[in-house]
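Protein chains in written order, with this note's numbering: chain V, 109 to 293; chain R, 109 to 293.
By construction, these hints were calculated from the structure, which means they are not laboratory data. Fair warning: there could be bad hints in the mix.
Because identical chains cannot be distinguished in the list, a pair is counted as satisfied if it fits within a single copy or across any two copies.
[As the list claims (entries may be wrong)] Below, in silico cross-link-like pairs of lysine-lysine (DSS-like), each with a Cα-Cα straight-line distance of 25 Å or less:
no., residue 1, residue 2
1, Lys-207, Lys-129
2, Lys-207, Lys-272
3, Lys-219, Lys-207
4, Lys-170, Lys-129
5, Lys-272, Lys-129
6, Lys-219, Lys-272
7, Lys-207, Lys-135
8, Lys-219, Lys-129
9, Lys-170, Lys-135
Predicted model only: the values in this text are computed from it and were never measured.
Listed below, chain by chain, are the residues.
2 protein chains.
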Amino acid sequence: MTIEYATRYRTASRIPADPTKPYFIEKGEGDRAHLFGDLITVYAGGEQTENTFNFFTVEGPKGDIIPAHVHADTHEVFYITQGAVRLFVEDTEGVQQEKLLTPGDFGFVPKNCKHAYRMEREHSQVVGVAAGPGGTFERFFETLGAPADALGLPREPVIPEPHKFGSVPEQFDVRFLRDHEWRTR
Amino acid sequence: MTIEYATRYRTASRIPADPTKPYFIEKGEGDRAHLFGDLITVYAGGEQTENTFNFFTVEGPKGDIIPAHVHADTHEVFYITQGAVRLFVEDTEGVQQEKLLTPGDFGFVPKNCKHAYRMEREHSQVVGVAAGPGGTFERFFETLGAPADALGLPREPVIPEPHKFGSVPEQFDVRFLRDHEWRTR
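Just chain V, same shape as in the assembly:
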C-alpha cells in the first residue's frame, strides 16, 4: 500500500501534511520538479523540520556549468551519490576553488559564497541540504521550473519564462551572477 497525502504543494505527495507523522519515501518518489534538464526530488522541507533544514536530490545529464549564484542567508551541502560533479566555489575574499566530486564526496558552501557546478557524467546525482536561520528553500526549483508527475529526468528541458527570473530567485534567497568568471581553469 502506498499512502499519498494532499499538501499545499501537491495533490498527491508522499510527504504527510501533518508534520508530526513519521514517513518513508522510496527512491525517486518524493515531490518532483523539473528545471532545465534536471530532476529535483524533495524528500523533506521546512514544514517537517520547523524550518531548520530540508533534504532533496538533484539529478541531471552531463552538461554545461549552471549559472553562478549566491545565497545571502543559506548554507548548502553537496553530497554526491552518482556520477561526477565539479563544484566551483568562491569565498567571501574572492578566493576561488573547484573540485571534481564523485560518490561519497562532500562539498560545503557557506552563505555568501558564490558557487556553481557542472555534472560531468550522465545521470549524476547530488544530495542537497540548503538552509539557514532564514529558513529552507527546497521549493525554488518547482517555482522557477515546474512540478513534475513522471519519474525520471525531463524528456525536454524546462526553460522558465523570462519574467520568472525577475521575481522567483529573490523570493528563495537565490541571486544569479551574470558574467561571473571562474578563473580556476
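Guided by the hints, dock chain R onto chain V, whose structure is given.
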C-alpha cells in the same frame, strides 16, 4: 594537497575552523567516531550552519537492532546509500511502523517519535541529518563512543563506559527507552 585544520573537535580535521570558508571532503575523510560496531563520519556540524543542520554518515555491519530512543527537540533524516537498513518508528499516538530501506530510500522521524534501526546487510551506510530549533547533535557519537583516526569500520566494538550512559545522551537530546517493544513483527 590535503588541508587539515585544528578545530575544537580534532587536531587534524577536514572541516575548517572558520565557518565562512567553503570546503570539500573526500569520501570517508570527515570527522570520524566509533560507537559500538559503527563508524560515524561528520561532514558538517552546527558550527558550519549557524546551528540549523548537520550532515553525517553512519556505517556498520549487519547486526542487531539498536536500542529504541527518542529526541525531544530533534528531527532526523535517514537516507540509505549502501546496503539495507530496517527503520522502526512509533508516532506520538503510539502507532508503529517498520520498513526495509535500500539505497535511495528515505525515512523521516519527527521529534518525539520513538525509533530504532537494524542494519540488515554488511557495511550498510545511512546519510543522516539530525537537527531542530534547539540545535544539532552530530557530536553525540564521539562523546558516547570515541573519536577515531583510522578509516573504516571499528576493528573491535567500542562499548561506552557505563557512567557515560547517565550523562551523555541527555546532553545531546537522546533518551534511550529500555524495554521498548516493537510490535510490528
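_I want to check one pair: Lys-219 and Lys-207. Are their C-alpha atoms no more than 25 Å apart within a copy, between two copies, both, or neither?_
Close inside one copy (19 Å), not across copies (36 Å); limit 25 Å.
*Could you place Lys-207 and Lys-135 in one of the four classes (within, between, both, neither) given a Cα distance threshold of 25 Å?*
between (27 Å within a copy, 13 Å between copies)
_I want to check one pair: Lys-170 and Lys-129. Are their C-alpha atoms no more than 25 Å apart within a copy, between two copies, both, or neither?_
Neither, since 37 Å and 28 Å both go past 25 Å.
*With 25 Å as the alpha-carbon cut-off, assign the pair Lys-219 and Lys-272 to within, between, both or neither.*
within (23 Å within a copy, 36 Å between copies)
*asked:* Regarding Lys-219 and Lys-129, is the shortest C-alpha distance of 25 Å or less found within a copy, between copies, in both, or in neither?
replied: This pair counts as between: shortest inter-copy Cα distance 9 Å, intra-copy 31 Å.
*How would you label the pair Lys-207, Lys-129 (within, between, both, or neither) given a Cα cut-off of 25 Å?*
Between copies only: 15 Å across chains, 39 Å inside a chain, cut-off 25 Å.
*Could you place Lys-207 and Lys-272 in one of the four classes (within, between, both, neither) given a Cα distance threshold of 25 Å?*
Neither. Shortest intra-copy (31 Å) and inter-copy (40 Å) distances fail the 25 Å Cα cut-off.
*If the cutoff is 25 Å on CA atoms, where do Lys-272 and Lys-129 land: within, between, both or neither? Let me know, please.*
neither (34 Å within a copy, 31 Å between copies)
*With 25 Å as the alpha-carbon cut-off, assign the pair Lys-170 and Lys-135 to within, between, both or neither.*
both (21 Å within a copy, 22 Å between copies)
Consistency note: the structure conflicts with the earlier hints numbered 2, 4 and 5.
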